[in-house]
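A.B. asks: Sequence:
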Amino acid sequence: MPIVIRKSNQDVGRESNVVDLNFTPNKSEVLEATRKKLEEILVLIVDHPGEVSVNIVQGERTTIFKIECSRRNFGRILGSRGKMIAGLRTISLALTARHGIRSIVEVPYFAAEAG
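The opening position of the sequence shown corresponds to residue 45 in my numbering, with each subsequent residue numbered one higher.
Just to be clear, a hint being listed does not mean it is correct.
What the hints assert, rightly or not - The list that follows gives simulated cross-link-like pairs (lysine-lysine, BS3-like), each with its CA atoms no further than 27 Å apart:
id, residue 1, residue 2
1, LYS110, LYS81
2, LYS81, LYS71
3, LYS110, LYS71
4, LYS110, LYS80
5, LYS80, LYS127
6, LYS127, LYS110
7, LYS81, LYS127
Simulated from the structure, these hints should not be mistaken for lab results.
Turn these sequences into a full structure, and let the hints guide you.
C.D. replies: Next up, the structure:
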């Protein structure tokens, strides 16, 4: 049986926590907020947070978030079987798609060491 939660009569007229649903940030604000959020997450993931940054490259139809990192942080960013980078890509897509922006997350390529 579903639970029904109703506002009390005292809360009906209140406007203390009203959110303006008509507010739409412009494209540059959305991209910068997404870049900052990705950077915040990456700093928490890697072992050497000073060596990680995210840059924005805008194409004609797609925005690319380029992750700049050192080789020693690369494994942490990829994660086991690519799960970490897949999660980061999902987050960036969710944050930008709502505003009609196509985005991808790109990581640097490091060639495998011989040995």
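A.B. asks: Could you run down the list of hints and mark each one as holding or not?
C.D. replies: To see whether the hints hold, each was checked on the structure:
{"no.": "1", "hint": "LYS110 to LYS81", "verdict": "holds, 13 Å"}
{"no.": "2", "hint": "LYS81 to LYS71", "verdict": "holds, 15 Å"}
{"no.": "3", "hint": "LYS110 to LYS71", "verdict": "holds, 18 Å"}
{"no.": "4", "hint": "LYS110 to LYS80", "verdict": "holds, 12 Å"}
{"no.": "5", "hint": "LYS80 to LYS127", "verdict": "holds, 21 Å"}
{"no.": "6", "hint": "LYS127 to LYS110", "verdict": "holds, 18 Å"}
{"no.": "7", "hint": "LYS81 to LYS127", "verdict": "holds, 18 Å"}
Violation of the numbered hints given earlier is absent; every hint is satisfied by the structure.
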